[in-house]
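Chains as they are written, first to last, in the working numbering: chain A, 1 to 290; chain B, 1 to 276.
Treat the hints as calculated values from the structure; they're not laboratory data.
Heads up, a few of these hints could be off.
[To be verified] Straight-line C-alpha distance at most 27 Å; calculated DSS-like pairs for lysine-lysine: (1) Lys164/B with Lys183/B; (2) Lys183/B with Lys116/B; (3) Lys264/B with Lys8/A; (4) Lys264/B with Lys251/A; (5) Lys10/B with Lys251/A; (6) Lys116/B with Lys10/B; (7) Lys10/B with Lys164/B; (8) Lys222/B with Lys8/A; (9) Lys10/B with Lys264/B.
[Stated by the list, open to error] Which residues of chain B face chain A? A few of them, derived with a C-beta cut under 10 Å, are: (10) Leu22; (11) Leu113; (12) Leu189; (13) Pro191; (14) Leu270.
Remember, it's a predicted structure, so these values are computed and weren't measured experimentally.
Where is the CB? At the ideal position from N, CA and C, for every residue including glycine.
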Amino acid sequence: MSTRSSRKAARLMLSPSVIVLLVWMIVPLAVTVWYSLLRYNLLRPERTGFIWFRNYTNFVASPAFLSSIVNTLILVVGVLVITVVLGILIALLIDRPIWGQGIVRILVISPFFIMPPVAALIWKNMFMNPTNGLFAEAAKFLGLPPFDFLGHAPLASITLMVAWQWLPFATLILLTALQSMSSEQIEAAEMDGANALNRFWFIVLPHLSRAITVVILIQTIFLLGVFAEILVTTNGGPGTASTTLTFLIYKEALLGFNAGTAAAGGVIAVILANIVAIFLMIAVGRNLDA
Amino acid sequence: MARAVSIRRKSLNTFWAWLVALILFFPILWTVLTSFKPEAQAVASPPLFVDFDWTLQNYRDVQAQRAYFGYFWNSVVIALGSTGLGVLIGIPAAWSMAFVPGRHTRDLLMWMLSTKMMPAVGVLVPIYLIFRDLGLLDTRTGLVVVVMLMNLPIIIWMLYTYFKEIPGEILEAARMDGATLGKEILYVLTPMAVPGIASTLLLNIILAWNEAFWTLNLAVVKAAPLSKFISGFSSPEGLFYAKLSAASTMAIAPILILGWFSQKQLVRGLTFGAVK
Numbered sequence: 001m002s003t004r005s006s007r008k009a010a011r012l013m014l015s016p017s018v019i020v021l022l023v024w025m026i027v028p029l030a031v032t033v034w035y036s037l038l039r040y041n042l043l044r045p046e047r048t049g050f051i052w053f054r055n056y057t058n059f060v061a062s063p064a065f066l067s068s069i070v071n072t073l074i075l076v077v078g079v080l081v082i083t084v085v086l087g088i089l090i091a092l093l094i095d096r097p098i099w100g101q102g103i104v105r106i107l108v109i110s111p112f113f114i115m116p117p118v119a120a121l122i123w124k125n126m127f128m129n130p131t132n133g134l135f136a137e138a139a140k141f142l143g144l145p146p147f148d149f150l151g152h153a154p155l156a157s158i159t160l161m162v163a164w165q166w167l168p169f170a171t172l173i174l175l176t177a178l179q180s181m182s183s184e185q186i187e188a189a190e191m192d193g194a195n196a197l198n199r200f201w202f203i204v205l206p207h208l209s210r211a212i213t214v215v216i217l218i219q220t221i222f223l224l225g226v227f228a229e230i231l232v233t234t235n236g237g238p239g240t241a242s243t244t245l246t247f248l249i250y251k252e253a254l255l256g257f258n259a260g261t262a263a264a265g266g267v268i269a270v271i272l273a274n275i276v277a278i279f280l281m282i283a284v285g286r287n288l289d290a
Numbered sequence: 001m002a003r004a005v006s007i008r009r010k011s012l013n014t015f016w017a018w019l020v021a022l023i024l025f026f027p028i029l030w031t032v033l034t035s036f037k038p039e040a041q042a043v044a045s046p047p048l049f050v051d052f053d054w055t056l057q058n059y060r061d062v063q064a065q066r067a068y069f070g071y072f073w074n075s076v077v078i079a080l081g082s083t084g085l086g087v088l089i090g091i092p093a094a095w096s097m098a099f100v101p102g103r104h105t106r107d108l109l110m111w112m113l114s115t116k117m118m119p120a121v122g123v124l125v126p127i128y129l130i131f132r133d134l135g136l137l138d139t140r141t142g143l144v145v146v147v148m149l150m151n152l153p154i155i156i157w158m159l160y161t162y163f164k165e166i167p168g169e170i171l172e173a174a175r176m177d178g179a180t181l182g183k184e185i186l187y188v189l190t191p192m193a194v195p196g197i198a199s200t201l202l203l204n205i206i207l208a209w210n211e212a213f214w215t216l217n218l219a220v221v222k223a224a225p226l227s228k229f230i231s232g233f234s235s236p237e238g239l240f241y242a243k244l245s246a247a248s249t250m251a252i253a254p255i256l257i258l259g260w261f262s263q264k265q266l267v268r269g270l271t272f273g274a275v276k
């Protein structure tokens, strides 16, 4: 029973949030679009002028651009596949009756709370370092030559690090969804003679579909912005082997001081992210309403 | 017999679950262990697990060489400041959307979430330059505001889903009894909403603490939080494993402990109530 005065109060209380988010969204975006049309290098402020879309053509034409898109896709899809598949398996494992489930949950969730640069440095130095990282020690123990992970497979290595950070999140959400499933349904299927694989495929997986959608949506938002992991491990290299779109724009802006081209890249990133977001919103909206 | 089988099966399940959990946790465990090793033993081959000469020297060195507590304090200010400010702005918004929903409430919520979709790097250049011109680069104020804006949509969404669960009739009853809007919020809503607000605070403190895009790009020295502190170890200092481990442990320990307490709330919080 909302009265007119309470409606007015509601609008009043809503406005600070709406205004700051609107400003936060529109002002920088408008400025980015404006810069993207200018000749604007922070090191050479005397060269100015409106150059239409030349920043865009420069950015897109650079060989790093296409590879950065591909790298971004590999990273995001790679992490999603690893976390969802392993997340389901681990959630199924923990969901069964075990001793010390509480402690197991705490151990499994822990990587999620590790600050990204810390996680990346631990993996880079103490595990993947080819001279005295633990993986090199393990290889030595097995009589194999050590492998230079970040030198020879930089993107795969970073994907692995990021997947380690997000696997707990996926596992925990899928576990929560599993625990809300009624055991009667499973038992009924069991009595009807469905084997474990069929039970998983026809009962458990459909039940998890909503949770899986949510995992994909939320992880994608964060994964498109992966930054610190690349900064402290490979710095985008060797060459551009691990340069994602985010990192390419960063290099252009804060290392190349080329504000115009970086802004053009930023606009492209925003457009691409919005395309992804629209698809996700449609998928999630459908799944969440049901 | 059935009981014996089930205990055997439970043991087996327990074994596999613990194995997986320990593998996932191992990098953290290894870091904490290494932080107590003398530098020479940290790179011993084959690696030493517990039979090394335990020492606190690395912690003393890290504080002496890199002034850990300055960074720590900046992290505390940024995490608490941004979350507190966000919750202060977010509570009224979430309250009004939960209890006085309009035709556009759903669209509004979706729009707020969509601002999270905007890649931060897309607006890096203008934010950097605006900050430079306003003298906000490398200030805690600037970082508090930016991190708050990053997390505000999540804060509002979380509060909204918690407030939604409070029955509106109670508020109406209070209104009938002549409670003003202010009293209604203070005496009726707030006590019921405390658990929800607390988990919103907890989760967003964790997110703000671990934020590593804006803090890395907008802070230099004065306002630099722990993300910047630890990035200083990227190379070649990172090859001093024991010191790197001590620094890492100091950067993650406070938030890891907070995280353990919040893990029950984490799922519904981060999925905006979609998975409970």
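Hint-by-hint comparison with the structure:
Of the pairs offered as hints, the one joining Lys164/B and Lys183/B holds, with about 19 Å between alpha carbons and a cut-off of 27 Å not exceeded. A threshold of 27 Å between alpha carbons decides the hint, and for Lys183/B with Lys116/B the separation of about 33 Å lies outside it, so the pair is violated. For the given pair, Lys264/B sits about 37 Å from Lys8/A by alpha-carbon distance, which is inconsistent with the 27 Å threshold. A hinted pair counts as satisfied when its Cα atoms are at most 27 Å apart, and Lys264/B with Lys251/A does not qualify at roughly 39 Å.
Annotation: proposed proximity of Lys10/B to Lys251/A is violated, straight-line Cα distance about 52 Å (limit 27 Å). Only pairs whose Cα atoms come within 27 Å are accepted, and Lys116/B paired with Lys10/B is rejected, the gap being roughly 43 Å. Restraint check for Lys10/B and Lys164/B: the C-alpha separation of about 40 Å exceeds 27 Å, so the hint is violated. As the CA atoms of Lys222/B and Lys8/A are separated by approximately 43 Å, the hinted pair breaks the 27 Å bound.
Only pairs whose Cα atoms come within 27 Å are accepted, and Lys10/B paired with Lys264/B is accepted, the gap being roughly 24 Å. Of the supplied interface hints, the one on Leu22/B holds, with its beta-carbon coming within about 7 Å of a beta-carbon of chain A, less than 10 Å. Evaluation of the Leu113/B hint against chain A yields a held restraint, the C-beta minimum of about 8 Å falling below 10 Å. Annotation: interface hint on Leu189/B violated; nearest CB of chain A at approximately 12 Å, more than 10 Å.
Among the interface hints, the one on Pro191/B is violated; its C-beta lies about 19 Å from the nearest C-beta in chain A, farther than the 10 Å criterion. The interface hint given for Leu270/B holds, since its Cβ lies 6 Å from the closest Cβ of chain A, which is under the 10 Å cut-off.
The structure does not agree with the numbered hints 2, 3, 4, 5, 6, 7, 8, 12 and 13 stated previously, though it agrees with the rest.
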